[in-house]
Amino acid sequence: MPELPEVEVVRSGLAPAVTSARISAVDVLDERALTRHPLGAADFVARLEGRAVRAAVRRGKFLWLPLEGDDDALIAHLGMSGQMLLRESDAVRERHERIRLHIEHPQHGRLAVAFADQRTFGSLAVDALVATEGAAGGFGSDLAQVPSQVAHIARDALDPAFDERAFIAAVRRRSSAIKRILLDQTLISGIGNIYADEALWAARIHPESHGAALSAQAVRRLLSEVRLVLEKALAEGGTSFDAQYVNVNGQAGYFARSIEVYGRGGKPCSRCGSLIKRVAFTNRSSHFCPVCQRKR
DNA sequence: GGAATAACCTGGATGC
DNA sequence: TGCATCCAGGTTATTC
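Taking the working numbering, the leading residue of the first sequence gets 1, the next gets one more, and so forth.
Treat the hints as calculated values from the structure; they're not laboratory data.
Treat the hints loosely; a few may be bogus.
Here are the in silico distance ranges between beta carbons for each label pair [said to hold, decoys possible]:
#1 Gln107 x Arg173: 48 to 56 Å
#2 Glu31 x Gln217: 47 to 55 Å
#3 Ala161 x Asn249: 26 to 34 Å
#4 Ala161 x Ala42: 31 to 39 Å
#5 Thr282 x Arg93: 34 to 42 Å
#6 Asp142 x Glu31: 33 to 41 Å
Computed from a prediction, not measured in an experiment: that's the story for all the values here.
Every residue gets a Cβ at the ideal spot worked out from N, C-alpha and C, and that includes glycine.
Using the sequences provided together with the hints, build the complete structure.
Rendered as structure tokens:
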């Protein structure tokens with residue numbers, strides 16, 4: 001599933017192809033891919049055609065392409081199965097392709113950016129850019145701006161401007177489970193079910209431990225493990241369990257080979273040999289080692 | 001305001 | 001072989 005490392009791989013793959021490119025045409029093949037753009041397909045197309053792209057920027061799991069004029073941006077959220085694929089301008093349609101952008105780049109010529117999404121939880125939109133506090137709004141641009149739909153999303157753990165002290169304090173004020181806190185994108189962004197389980201295992205913290213039950217030192221250690229897991233996944237091209245996550249060229253990542261607990265219910269923990277447990281957790285699953293990760 | 005939960009959605013896997 | 005059911009999970013609206 002696309003979490004921070006997967007979205008960053010997509011962003012870094014798109015950036016050289018779309019920066020300074022002009023959008024010549026837009027094909028909306030399925031309006032369900034525009035749930036974030038309430039004004040509909042015709043408005044979406046009108047706001048994009050003829051515009052030049054400034055950069056490719058990411059905060060957490062949100063990706064956006066600021067448009068010339070610096071007033072608005074094309075935003076993308078990949079949901080659970082969204083893909084942004086770079087193709088030749090006349091390439092055949094992808095399976096589950098919902099939107100295609102035709103672009104013309106000064107150096108690379110005519111290309112297509114295909115947004116494909118099997119489960120249709122992902123969406124594109126054109127959204128106004130708003131000022132954000134101090135530092136750059138996201139990775140990939142120096143501008144202190146974010147799309148209005150991203151304004152409530154916290155900075156991610158790899159963002160140099162991430163406020164570690166504020167995060168630790170916020171965690172220790174909360175009575176809910178630490179895993180739920182890690183998945184709260186308004187506190188820390190970019191973490192999904194896979195990396196939450198992996199970071200908690202690495203930090204030896206039970207996913208159902210309450211935030212208020214953790215020491216500042218424990219939260220700091222968890223944050224450190226979050227960063228290590230995200231950086232390692234990024235270095236390995238992200239996690240691909242199936243065909244749902246690929247980079248802009250359609251290639252899978254390798255981090256699935258480094259997974260310690262996620263999806264390994266019933267298999268031995270690599271640290272202590274105990275069997276990894278899988279339990280239901282708010283409409284999804286949590287995986288943890290019952291010996292290494294004691295509940296506090 | 002914090003916390004919990006349901007709904008959205010498709011296709012692969014599984015069971016009968 | 002065909003059909004029904006379960007499961008995966010990020011975000012947001014709703015409810016308490």
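The hints, checked one at a time:
1. A hinted range of 48 to 56 Å holds for the C-beta pair Gln107 and Arg173, which are about 50 Å apart.
2. Judged by the Cβ atoms, the range 47 to 55 Å given for Glu31 and Gln217 holds: they are separated by roughly 50 Å.
3. Against the hinted window of 26 to 34 Å, the Cβ-Cβ separation of Ala161 and Asn249 comes to about 31 Å, which satisfies the hint.
4. Range check, Ala161 to Ala42: Cβ separation about 38 Å, and the 31 to 39 Å hint holds.
5. Between Thr282 and Arg93 the CB atoms are about 36 Å apart, so this pair conforms to the stated range of 34 to 42 Å.
6. Asp142 and Glu31 have their C-beta atoms about 34 Å apart, which keeps the hinted 33 to 41 Å range intact.
Of the numbered hints stated above, none is contradicted by the structure.
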